[in-house]
Amino acid sequence: MTADTEGTEQPMRPARVDIAGERSRLPERVFLVLCFLSVLLPLGMLGVLLADVFVDGAGRLSWEFIKGIPSRRAAAAGIWPALIGTFYLIGLTAVIAVPVGVAAAIYLEEYGRRSKLAGFIEVNIANLAGVPSVIYGLLGLEVFVRVFGLGSTVLAGACTLALLVLPIVIMASREALRTVPDSLREGAYALGATRWQTIRQVVLPFSLPGVLTGAILAVARAMGETAPLIVVGAVVFITFSPTMTSGFTALPIQIFNWVSMPQKAFLENAAAAIVVLMLTLLVLNSVAIVLRNRYQKRIY
Amino acid sequence: MHPDVEKPKIVVEELIAGFASKTVLRSISIPIEENRVTAIIGPSGCGKSTFIRCLNRMHELSPIAFIQGKVKLDGRDIYDRAVDPVLLRRRVGMVFQKPNPFPTMSIRDNVLAGLRLTQTLRWGQSEELVQKALTQAALWDEVKDRLGDPGSSLSGGQQQRLCIARALAVDPDVLLMDEPCSALDPIATARIEDLLHVLSDSYTIVIVTHNMQQATRVSNWTGFFLNGDLVEFAATNDLFTSPKDQRTEDYITGKFG
Numbered sequence: 030m031t032a033d034t035e036g037t038e039q040p041m042r043p044a045r046v047d048i049a050g051e052r053s054r055l056p057e058r059v060f061l062v063l064c065f066l067s068v069l070l071p072l073g074m075l076g077v078l079l080a081d082v083f084v085d086g087a088g089r090l091s092w093e094f095i096k097g098i099p100s101r102r103a104a105a106a107g108i109w110p111a112l113i114g115t116f117y118l119i120g121l122t123a124v125i126a127v128p129v130g131v132a133a134a135i136y137l138e139e140y141g142r143r144s145k146l147a148g149f150i151e152v153n154i155a156n157l158a159g160v161p162s163v164i165y166g167l168l169g170l171e172v173f174v175r176v177f178g179l180g181s182t183v184l185a186g187a188c189t190l191a192l193l194v195l196p197i198v199i200m201a202s203r204e205a206l207r208t209v210p211d212s213l214r215e216g217a218y219a220l221g222a223t224r225w226q227t228i229r230q231v232v233l234p235f236s237l238p239g240v241l242t243g244a245i246l247a248v249a250r251a252m253g254e255t256a257p258l259i260v261v262g263a264v265v266f267i268t269f270s271p272t273m274t275s276g277f278t279a280l281p282i283q284i285f286n287w288v289s290m291p292q293k294a295f296l297e298n299a300a301a302a303i304v305v306l307m308l309t310l311l312v313l314n315s316v317a318i319v320l321r322n323r324y325q326k327r328i329y
Numbered sequence: 024m025h026p027d028v029e030k031p032k033i034v035v036e037e038l039i040a041g042f043a044s045k046t047v048l049r050s051i052s053i054p055i056e057e058n059r060v061t062a063i064i065g066p067s068g069c070g071k072s073t074f075i076r077c078l079n080r081m082h083e084l085s086p087i088a089f090i091q092g093k094v095k096l097d098g099r100d101i102y103d104r105a106v107d108p109v110l111l112r113r114r115v116g117m118v119f120q121k122p123n124p125f126p127t128m129s130i131r132d133n134v135l136a137g138l139r140l141t142q143t144l145r146w147g148q149s150e151e152l153v154q155k156a157l158t159q160a161a162l163w164d165e166v167k168d169r170l171g172d173p174g175s176s177l178s179g180g181q182q183q184r185l186c187i188a189r190a191l192a193v194d195p196d197v198l199l200m201d202e203p204c205s206a207l208d209p210i211a212t213a214r215i216e217d218l219l220h221v222l223s224d225s226y227t228i229v230i231v232t233h234n235m236q237q238a239t240r241v242s243n244w245t246g247f248f249l250n251g252d253l254v255e256f257a258a259t260n261d262l263f264t265s266p267k268d269q270r271t272e273d274y275i276t277g278k279f280g
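For the record, the sequence lines run as chains A and B.
Just so you know, we're using the numbering used here here: the first sequence kicks off at 30 and counts up by one.
Just so you know, we're using the numbering used here here: the second sequence kicks off at 24 and counts up by one.
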């Protein structure tokens with residue numbers, strides 16, 4: 030207050046907040062409950078579905094079921110060719126898709142960061158991730174089965190699935206590469222490293238957890254694909270384990286076939302096969318997550 | 024060129040550099056004496072970091088960077104077409120403001136990182152080299168029992184000494200240091216300054232610093248940069264006790280900066 034304003038009335042100030050006063054906690058609580066519900070509901074529905082399948086199929090699970098071959102009699106049918114087919118498929122898909130995807134991500138992130146070509150490719154990769162899987166099946170049928178002459182084999186199926194999951198691998202790897210701080214790259218360059226040496230020895234090891242995550246996602250996606258494999262020519266009734274040159278089948282296709290049968294016994298078979306598929310997926314994911322966590326610990 | 028610099032390791036002639044349309048360095052000419060410490064001082068934004076990054080061709084890594092002029096290392100212009108920047112950087116090493124040990128590598132592997140790029144090392148040979156580099160960086164006693172620990176498990180000052188060891192392991196002629204102590208506490212800073220006294224007998228050192236007292240403590244020569252110009256270059260004692268330019272005097276007496 031200055032001498033000039035002495036004696037003048039001060040304007041009314043708004044009432045000060047009482048620091049010990051009442052404040053409604055309700056809006057926060059409501060928001061918290063809504064968030065919790067939006068986690069609980071979908072997971073809950075998924076849990077109910079899985080429990081239902083487990084109840085239906087657990088009774089049918091046995092070694093004979095796993096090692097058996099398909100049959101017209103539901104009680105004698107097994108999933109061995111389908112199981113082996115699935116393993117072949119995801120193994121080959123991973124071997125094809127992961128190196129190609131990581132290499133593509135390295136090009137986009139490390140070499141072509143500002144080029145117009147890289148920008149163009151990047152936009153289209155996101156588009157490719159949204160293309161319906163059946164279309165990949167058609168592509169695989171024409172290019173791999175017919176033009177490349179691979180026939181309706183696991184190799185053709187794996188190539189098709191690899192194309193399908195490639196955008197996932199590329200996008201996850203790209204994100205992983207982006208997390209590498211530039212100070213690390215500079216440190217390597219200052220030592221006289223070439224760009225490729227920097228990528229191989231500093232950037233890639235640092236981004237390994239993210240790259241593995243992309244690989245996990247890709248394999249999980251590939252395991253469940255049915256439509257493209259049907260188009261490529263996976264057969265439903267196979268009694269032998271597939272080779273590189275023979276026909277093949279996969280678990281999702283076997284499940285699909287059994288679900289379409291009228292006899293209830295086949296539905297039980299389908300449920301059991303679903304349980305096997307889910308368990309395999311769980312084991313694979315766990316292995317990959319353990320690997321990823323191990324690599325993550327090396328980075329502080 | 025400054026007449027008292029008898030054996031210049033690096034001679035910078037009319038160096039102009041910047042980014043896109045912004046000129047950061049406006050024609051710098053300066054000699055860097057062999058096996059001595061040259062300090063570059065100046066207020067923020069005067070171009071010190073850009074200058075030092077021009078000496079090992081790191082400035083051009085930015086896609087919008089431009090450079091003109093000559094930087095002669097032992098008489099050879101490093102911006103000559105025939106010169107490979109990768110090979111240059113093995114003779115002119117760099118230590119950065121924020122310590123950047125490679126987090127996925129152990130202490131031992133960090134020190135050997137530069138060497139592994141150029142040579143295949145045998146086991147016995149590499150242990151010797153690791154010890155030598157870490158001793159030179161005054162870090163050996165502290166880490167000799169845990170060479171397998173990750174590089175990032177060290178304290179800030181230790182990490183910076185690890186980065187110095189890593190740079191020295193490649194056996195460069197010149198060591199560039201861009202404010203190496205500004206992220207460190209005073210004790211760690213003092214240890215690195217002591218280190219520089221020893222190192223300058225064998226290496227040519229250029230150190231950028233915003234700390235004038237540090238410049239007086241460690242350097243033989245000092246260059247004062249302001250707004251992209253080299254305002255004054257003299258022996259450290261002379262520049263700080265009797266600066267010739269008024270701007271230099273204003274800066275070192277704290278009138279600005």
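Accuracy of the hints is not assured; some may be wrong.
Sample of chain B residues at the chain A side, in silico, Cβ under 10 Å [stated by the list, open to error]:
no., residue
1, M81
2, I90
3, V115
4, M128
5, L138
6, L152
7, K155
8, V221
Calculated from the structure, these hints are not laboratory results.
Backbone N, C-alpha and C define an ideal beta-carbon position, used for all residues, glycine too.
Hints, verified against the model:
no.: 1; hint: M81; result: holds (6 Å)
no.: 2; hint: I90; result: violated (16 Å)
no.: 3; hint: V115; result: holds (9 Å)
no.: 4; hint: M128; result: holds (8 Å)
no.: 5; hint: L138; result: holds (9 Å)
no.: 6; hint: L152; result: violated (14 Å)
no.: 7; hint: K155; result: violated (17 Å)
no.: 8; hint: V221; result: violated (22 Å)
Figure legend: structure checked against the earlier numbered hints; hints not met, in rising order: 2, 6, 7 and 8.
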